[in-house]
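One line per chain: the protein sequences are Y and S, in this order.
Mapping of the first sequence onto the numbering used here: position 64 corresponds to residue 824, and the numbering continues sequentially without gaps.
Mapping of the second sequence onto the numbering used here: position 115 corresponds to residue 133, and the numbering continues sequentially without gaps.
Check the hints yourself; a few may be wrong.
Stated by the list, open to error - Here are the simulated lysine-lysine pairs, DSSO-like style, with alpha carbons at most 27 Å apart:
hint: 1; chain 1: Y; residue 1: LYS762; chain 2: Y; residue 2: LYS885
hint: 2; chain 1: S; residue 1: LYS113; chain 2: S; residue 2: LYS168
hint: 3; chain 1: S; residue 1: LYS113; chain 2: Y; residue 2: LYS915
hint: 4; chain 1: Y; residue 1: LYS885; chain 2: S; residue 2: LYS127
What the hints assert, rightly or not - So the derived label-pair ranges between C-beta atoms look like this:
hint: 5; chain 1: S; residue 1: ILE94; chain 2: Y; residue 2: ARG996; range: 34 to 42 Å
hint: 6; chain 1: S; residue 1: ARG53; chain 2: Y; residue 2: TRP1020; range: 47 to 55 Å
hint: 7; chain 1: Y; residue 1: CYS786; chain 2: S; residue 2: GLY118; range: 19 to 27 Å
hint: 8; chain 1: S; residue 1: PRO36; chain 2: Y; residue 2: CYS786; range: 31 to 39 Å
hint: 9; chain 1: S; residue 1: PRO36; chain 2: Y; residue 2: ALA1012; range: 22 to 30 Å
hint: 10; chain 1: Y; residue 1: ALA969; chain 2: S; residue 2: VAL141; range: 23 to 31 Å
hint: 11; chain 1: S; residue 1: GLU109; chain 2: Y; residue 2: THR836; range: 48 to 56 Å
hint: 12; chain 1: S; residue 1: VAL141; chain 2: Y; residue 2: LYS828; range: 45 to 53 Å
hint: 13; chain 1: S; residue 1: GLN96; chain 2: Y; residue 2: CYS786; range: 28 to 36 Å
Calculated directly from the structure, the hints in this document are not laboratory data.
These numbers come from a predicted model, not from an experiment.
Even glycine gets a Cβ: it sits at the ideal position worked out from N, Cα and C.
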Amino acid sequence: MKAPVEYLLHLADNAVVLGQRDAEWCGHGPILEEDLALANVSLDLIGQARLLYQLAAARLGGDATEDKLAYFRDDTEFRNYTLLELPNHGPLVGYAASDRDYATTIVRNFLYSALMVLVWDALEKSADADLAAIAAKSLKEARYHLHHAADWVVKFGDGTEESHARAQAALDHLLPYTEEFWTPSAAEDTAVAAGATVDIRTLRAAWDALVADTLAQATLKRPEVRGYVPEGKHGRHSEHLSYLLAEMQGLARTHPNGIW
Amino acid sequence: MSSHVDKVWATLEHLTDPEIPVVTLRELGILRDVRETADGLEVVITPTYSGCPAMGQIEDDVRASLEQAGIAARVITQLAPAWTTDWMSEEAKEKLRKYGIAPPHQTPKDVSVVKFMRRAPEVVACPQCGSTHTVVTSQFGSTACKALYKCLDCQEPFDYFKPY
């Protein structure tokens, strides 16, 4: 059975929002190789988002298009994890001027791609054939994203005092946001009932193992997490998403239907 | 196979990848099928990486070639089965090597998601001197489909077309 459009949008919004954050490094990478790597990861993510938005638009019918879904929905309509919209630096308000912190970017990419290799792997067997086709492609890409991010988590964690401290601070800052992964939304429940996806909670043990393995190599300590569980996938976001969308959607909204 | 279908294959045979102009779309496995349906001819292509910016160009190239040859055919993009570097012909791999890109190894078959990370880095032979004394410098090269390597014998940096 087909996955609900809300669920497709959740997957697509995740990919486009992180793609946008990773693309902020384009031309600003700490070294040339990483500048290229992040741009390529971003390109993969935006490509995945496009496939998902195209599928969602086809199912919505009417005048829905991938561009309308990406550029003309407001922040409260986005269904991405809060984790992915956070800026590429530590806990500061959205408009704070701050140097970007590469450890924050890498740790986030690591936590997310460790989840997505598991999600895409499960979705490859989805009863929704269109979604399964997108998953089969995305899995191949997510594996390289995980490989890349995990390598750097180890280099940072097991590196110098400074790189270790920054990687640990990024982990302490970001890990609490991953709690959102494990509380299914109504859209996820509907998708599970349709056989279009698996209950995300069944992936938790494998995710924990992936994370533990890399953190051990990186000599990083997994912080204890409790308290507030973010609700980005329900459309309740941090202020950061609004700034991100203002930049991402500004051009398309200023020149609707513009072609260049 | 009908002569119409043959003609389409022949027409598209010269089309190469916009970023790797030594290999053809057929050799790369991007050009999947040409078939005759009740509604006319169909050309089936499949994208490589989801975000590959060359795909738009490839589709345009296919359409333009068909139009130039006066062939009316629809171009269809099909996602499943997902493109894999295993579809690359041996001929294409040899062309890549001569062009200075180490061709992709076979994709690992029985690797579970979790085990994937613990895999030892791949030993890739330098396309210039053949030495396997090489080291990865970055998981991503000039495009998402390639990694950057360096040969420790001849000292040449080179691209490795990653298994996908």
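Tested hints:
1. LYS762(Y) with LYS885(Y): holds, 13 Å
2. LYS113(S) with LYS168(S): The hint holds at about 20 Å.
3. LYS113(S) with LYS915(Y): Violated, at roughly 36 Å.
4. LYS885(Y) with LYS127(S): Status holds; Cα separation ~17 Å.
5. ILE94(S) with ARG996(Y): 34 to 42 Å: holds, 40 Å
6. ARG53(S) with TRP1020(Y): 47 to 55 Å: At roughly 35 Å between Cβ atoms, TRP1020(Y) and ARG53(S) fall outside 47 to 55 Å, so the hint is violated.
7. CYS786(Y) with GLY118(S): 19 to 27 Å: holds, 26 Å
8. PRO36(S) with CYS786(Y): 31 to 39 Å: violated, 21 Å
9. PRO36(S) with ALA1012(Y): 22 to 30 Å: holds, 26 Å
10. ALA969(Y) with VAL141(S): 23 to 31 Å: holds, 27 Å
11. GLU109(S) with THR836(Y): 48 to 56 Å: holds, 54 Å
12. VAL141(S) with LYS828(Y): 45 to 53 Å: Since VAL141(S) and LYS828(Y) have Cβ atoms about 48 Å apart, the given range 45 to 53 Å holds.
13. GLN96(S) with CYS786(Y): 28 to 36 Å: holds, 31 Å
The structure fails hints 3, 6 and 8 (numbered hints given earlier, in ascending order).
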